[in-house]
Amino acid sequence: MPAGLDNLKHIVVLMMENRSFDHMLGGLSLVIENGQKKYPNINGLTGNESNPDTQGAIVRVQPNAKFQGQLDPDPDHHFPGVDLQIFGGAPPGPGRVPNMQGFVKDYFTQTNDVNRSHNIMYYFTPDKLPVLSTLATQFALFNGWFSSIPGPTICNRAFAHYGTSFGQVGMDLFYILDTAILSTYERIIQAGHTAKIYYYDQQSSTMEIVNLLKNQPQIFGSYQQFIADCASNQLPEYSFIEPCYNDHPGPGGGEILASDQHPDHNIQEGERFIANIYTAIRTNPALWSSTLLLIVYDEHGGIYDHVPPPACTPDGYFANPADTGTGETFNFDRLGVRVPAIAVSPYIAKGTVIPGPEDPANCRIFEHACIPATVTNFFLKGDAKQTPREKQANTFLDLLSDQLRPDADIPFFKLGGS
Amino acid sequence: MATPANAILVPATQRGSYNPNRPAGLLLRSQTLHIREALLKHLEELAAVLAIDPKSLKTEGEVSAYIHRATAILHTHAAKPARK
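Those protein sequences? They're chains A and B, same order as listed. If you use the numbering used here, the first sequence corresponds to residues 1 to 418, in order. If you use the numbering used here, the second sequence corresponds to residues 1 to 84, in order.
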């Protein structure tokens, strides 16, 4: 067993909100150094990717993404809208080929403004996102991590917690009727291990579906507690972290900004939040050498990505036409749009890129069911309660090597003051 | 530890980003429905505990069970608000 795996005691997952891979990290492929691509293995943008707008004009990707104020109204990311984004408006039916040509058209349905609909093609240059870009290039970046469903937040987060959304493709309340399927946290705790969901604070709370919040309040903690648990070596074996989801007053009249990066929240605040999570682990040597941190986004938020989502193993549920809004039943047999995903550990080689669909011979597809699959495979040494999607899921602990990287080789973040 | 070579500066968030008056999106509005649903459990439990007449509790076991249920409602797990 590699030393990195042998020393692993904690898995921490930070799930951010609603940004696509190309929007956040696609610009890494355009970085040139000494006349050559600096990151040739990253499947980002060439600069020639495009979508037609509603007037028939070709809209190319542009490095014009702003931290805030550009994606208001919130881009559509519900099932019918994502269907349009992926299939370019081809009517549902057999034989459709995903072409990623409907993003601008779909954003026009929100903006009713042709020029503003082009914003959906904008991406960040790496210098704008020093935290995410640094972590992506210093540790392991997944070229093929997709949201679990071509739909919105709640059902995608359910896959991260349960390995299924129990047939849901939307934001509605739902109750878990299949009691044979337990959350990752329940499985871990029932086996005598430790797990926690850390939400930011009481004003932000959790996006977990009702069931856990209603029935297992003991598995929840705050961000403040996460920081304290890191410092005191009290971190559970498995931690899931939720960012701050809204702007609200802080103690003593301060300002707490949303850090989830959901449009139209400020991207920079999310960068600082990611840096703080990393730093809390990084600055405790015992924790740093025994923890794998996964930073992943729940879904793409309606923002452009150029990689068509692949087909996947159905999870045994289906969503009715009335729920999908497309006139077609959905059998959970296709993944959602690609999202940023980065694995961080001192045992991960610098510049690791896990190949995705661009490299068919070595392709490894990941989605949110890979989280419970990886966590329960490791801590429970095999788990009979895994869902069909978990059973088929790739796991990611093989990224941990035998080599502990020297401290001087690993970045620190210095947060600038206001 | 941090050296000039491995330190990455993270800029402060732009001034003026804070806007608690921003209209709440669908995600946040959905969250309120979910939270309300979770609250109902506490309402049911509160009603159940209040329906017990404390004078009917005779044994230490009965008293401790009552106090346990009441304390679980009064002392939630929730932590204090985070400080920035």
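Hints were generated in silico from the structure; no laboratory data involved. Computed from a predicted structure; not experimentally measured. Please note that the accuracy of each hint is not assured.
What follows is a list of derived Cβ distance ranges for each label pair [stated by the list, open to error]:
1) L74(B) <-> E358(A): 48 to 58 Å
2) Y66(B) <-> P249(A): 29 to 39 Å
3) Q216(A) <-> A12(B): 46 to 56 Å
4) L39(B) <-> A231(A): 25 to 35 Å
From chain A, some residues computed to sit far from chain B (all C-beta separations above 12 Å) [stated by the list, open to error]:
5) K105
6) V114
7) P152
8) T153
9) A180
10) H193
11) L212
12) Q268
13) A275
14) D298
15) P310
16) T395
Here a beta-carbon is modelled for each residue, glycine too, at the ideal position from N, C-alpha and C.
Hint check:
{"no.": "1", "hint": "L74(B) <-> E358(A): 48 to 58 Å", "verdict": "holds, 56 Å"}
{"no.": "2", "hint": "Y66(B) <-> P249(A): 29 to 39 Å", "verdict": "holds, 38 Å"}
{"no.": "3", "hint": "Q216(A) <-> A12(B): 46 to 56 Å", "verdict": "violated, 37 Å"}
{"no.": "4", "hint": "L39(B) <-> A231(A): 25 to 35 Å", "verdict": "holds, 33 Å"}
{"no.": "5", "hint": "K105", "verdict": "holds, 20 Å"}
{"no.": "6", "hint": "V114", "verdict": "holds, 23 Å"}
{"no.": "7", "hint": "P152", "verdict": "violated, 7 Å"}
{"no.": "8", "hint": "T153", "verdict": "violated, 5 Å"}
{"no.": "9", "hint": "A180", "verdict": "holds, 22 Å"}
{"no.": "10", "hint": "H193", "verdict": "holds, 19 Å"}
{"no.": "11", "hint": "L212", "verdict": "violated, 9 Å"}
{"no.": "12", "hint": "Q268", "verdict": "violated, 4 Å"}
{"no.": "13", "hint": "A275", "verdict": "violated, 5 Å"}
{"no.": "14", "hint": "D298", "verdict": "violated, 10 Å"}
{"no.": "15", "hint": "P310", "verdict": "holds, 26 Å"}
{"no.": "16", "hint": "T395", "verdict": "holds, 29 Å"}
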